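As a plain string of letters, each chain reads:
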Amino acid sequence: MKCDEFETHLDEILDERRRPEWDAQLREHSACCPRCRDLASAYGVLLEGFRSMKTPECPADMSTRVLESHLSRPRLTFPARAALPAAAAAALFSTAAAILVAVFLTRDAQHEQVALVAPPVAQAPIAQDPVAQAKVKQIEQIKFELEQWKKVPLVGAVFASAADNDKSTDPYEELAKGTGRSLANVVLRMPGIAGPRGVRPLQPSYGPEGVGVWPTQMSDELRPVTASVTETFDLILDTLPITFWASNTRDS
Amino acid sequence: MSDDVRELVDRCLRGDQSAMLQLVDTYRGQVFGLCYRMLRHRQDAEDVTQESFVRALKSLHRWDSEREFLPWLLAIAGNRCRTLLSTRKRQPAATSLVEQVSDKTLEHAAAKNLAEEVELALETLRDEYRQAFLLFHQHELSYQEISEALDCPLGTVKTWVHRARRELIARLAQRGVVQEIKNEVRRV
Chain A
0 MKCDEFETHL DEILDERRRP EWDAQLREHS ACCPRCRDLA SAYGVLLEGF RSMKTPECPA
60 DMSTRVLESH LSRPRLTFPA RAALPAAAAA ALFSTAAAIL VAVFLTRDAQ HEQVALVAPP
120 VAQAPIAQDP VAQAKVKQIE QIKFELEQWK KVPLVGAVFA SAADNDKSTD PYEELAKGTG
180 RSLANVVLRM PGIAGPRGVR PLQPSYGPEG VGVWPTQMSD ELRPVTASVT ETFDLILDTL
240 PITFWASNTR DS
Chain B
0 MSDDVRELVD RCLRGDQSAM LQLVDTYRGQ VFGLCYRMLR HRQDAEDVTQ ESFVRALKSL
60 HRWDSEREFL PWLLAIAGNR CRTLLSTRKR QPAATSLVEQ VSDKTLEHAA AKNLAEEVEL
120 ALETLRDEYR QAFLLFHQHE LSYQEISEAL DCPLGTVKTW VHRARRELIA RLAQRGVVQE
180 IKNEVRRV
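Those sequence lines, one after another, are chains A and B.
Numbering of the first sequence is given in numbering that gives the first Met the number 0, commencing with residue 0 and proceeding in unit increments.
Numbering of the second sequence is given in numbering that gives the first Met the number 0, commencing with residue 0 and proceeding in unit increments.
Bear in mind the hints are in silico, worked out from the structure with no lab data behind them.
Remember, predicted model here, so these are calculated numbers, not experimental data.
Idealized CB from N, CA, C, for every residue including glycine.
Be aware that one or more of the hints could be misleading.
As the list claims (entries may be wrong) - Simulated coverage check for chain B against chain A, where a stretch passes if three residues somewhere in it have a Cβ under 8 angstroms from a Cβ of chain A:
| # | stretch |
| --- | --- |
| 1 | 8–20 |
| 2 | 23–29 |
| 3 | 37–43 |
| 4 | 114–120 |
| 5 | 155–168 |
To be verified - From the structure, some residues in chain B lie toward chain A, with a derived Cβ separation under 8 angstroms:
| # | residue |
| --- | --- |
| 6 | Thr48 |
| 7 | Phe52 |
| 8 | Val177 |
To be verified - Straight-line Cα separation of at most 35 angstroms, DSBU-like style, residue types lysine-lysine; simulated pairs:
| # | chain 1 | residue 1 | chain 2 | residue 2 |
| --- | --- | --- | --- | --- |
| 9 | A | Lys1 | B | Lys157 |
| 10 | A | Lys53 | B | Lys157 |
| 11 | B | Lys157 | B | Lys88 |
| 12 | B | Lys57 | A | Lys53 |
| 13 | B | Lys88 | A | Lys53 |
If we strip away everything but chain A, and leave its shape as in the complex, we get:
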């Protein structure tokens, strides 16, 4: 063993928590090398001195102090959710309003274009109790209305139905040409025109009472709003590529 290997080996012995004096290689080299012998001795002295160091006792009441301190600390609480910035709130509100208006507008358009089929013939009442009869009728009426609502197509169905066979007799196309409006605009504004675009003619249908049944109409208070929104919608339809899409769909 060389001197430069001695210290490395000494470190390894100490790392393994073994006593250097018990290692044969170290003992052999230190017997013929005073410098390395001194080094080994110095390590021994260091560890001996370290082991003889005295540490004062930890106070016996440490556990109670810790517990008191631990319990007296305020629990972590999450900060209150910060209020939305005004701009974000305004954006959120306007988005919600736009969705709401769009839903109403869509429903309105659907009402106009839906052709309701004749209701099934009401069966003769069995119960003699007028209150019960009224209730049964009311239930039948609701059921009927629900059935009709299921038949209400989406606005997109108007465009979907545009791909049709007979293009020559398309009243929408004629109207579009005559008014100078886009085809999509005409279809959306006048959904009741019968023709190859697949919109069924507008007809009132009849419920169990024989009264014309129409899907719930929009309240009068909302009409000014919807009118202005419709105008905006028209403007958008005239400018957005949606009109090209509608024309392409029709031609394809």
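Following the hints, position chain B against chain A.
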């Protein structure tokens, strides 16, 4: 690791105060020992020991039960000590001055025994070296455990411990301690 510690920790996590007391009582000696050796100031060591346990109880849920508990706890204590030491370095005020005067007094009074000399020599080490040396030789943690506790590579920990030994010996030799006692040790 014994299941006793895991059970004790589980009870602490459930809010059992007697378990918390038991946990502190079990490890207070080792934590205080490290703090005292790191700080060489009894009152600071007590404060840091208390703070370390409070922190440990607060973050007990983060302890990985697959690993040993003591290295994790000593790592918290070591970190608190190093924070305090760095604060002392930034603020060489009253406390630090008192300690320095005390140290000088000790130095000039010529430490009477080997333990005091080693204690003085330890103080000259870098904080990382001292912490690694103490964890290895005083608390007998493995290099792997120290590496995990200090969150640094195992090779780095080994280097720190080796350098700590060499610097301590150099310091003892500088003060003539090694030469004096060398013969006694050899005799033994």
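Hint check results:
1. 8–20: holds (count 3)
2. 23–29: As far as the stretch 23–29 of chain B goes, the hint holds, because 4 residues have Cβ atoms under 8 angstroms from chain A.
3. 37–43: With 1 residues close enough to chain A, the hint is violated.
4. 114–120: holds (count 4)
5. 155–168: Holds, because 6 residues of the stretch 155–168 of chain B bring their Cβ atoms closer than 8 angstroms to Cβ atoms of chain A.
6. Thr48: 6 angstroms, holds
7. Phe52: 4 angstroms, holds
8. Val177: Hint on Val177/B: holds, closest Cβ of chain A at ~5 angstroms, below 8 angstroms.
9. Lys1/A x Lys157/B: The hint holds at about 22 angstroms.
10. Lys53/A x Lys157/B: 25 angstroms, holds
11. Lys157/B x Lys88/B: 26 angstroms, holds
12. Lys57/B x Lys53/A: 31 angstroms, holds
13. Lys88/B x Lys53/A: 26 angstroms, holds
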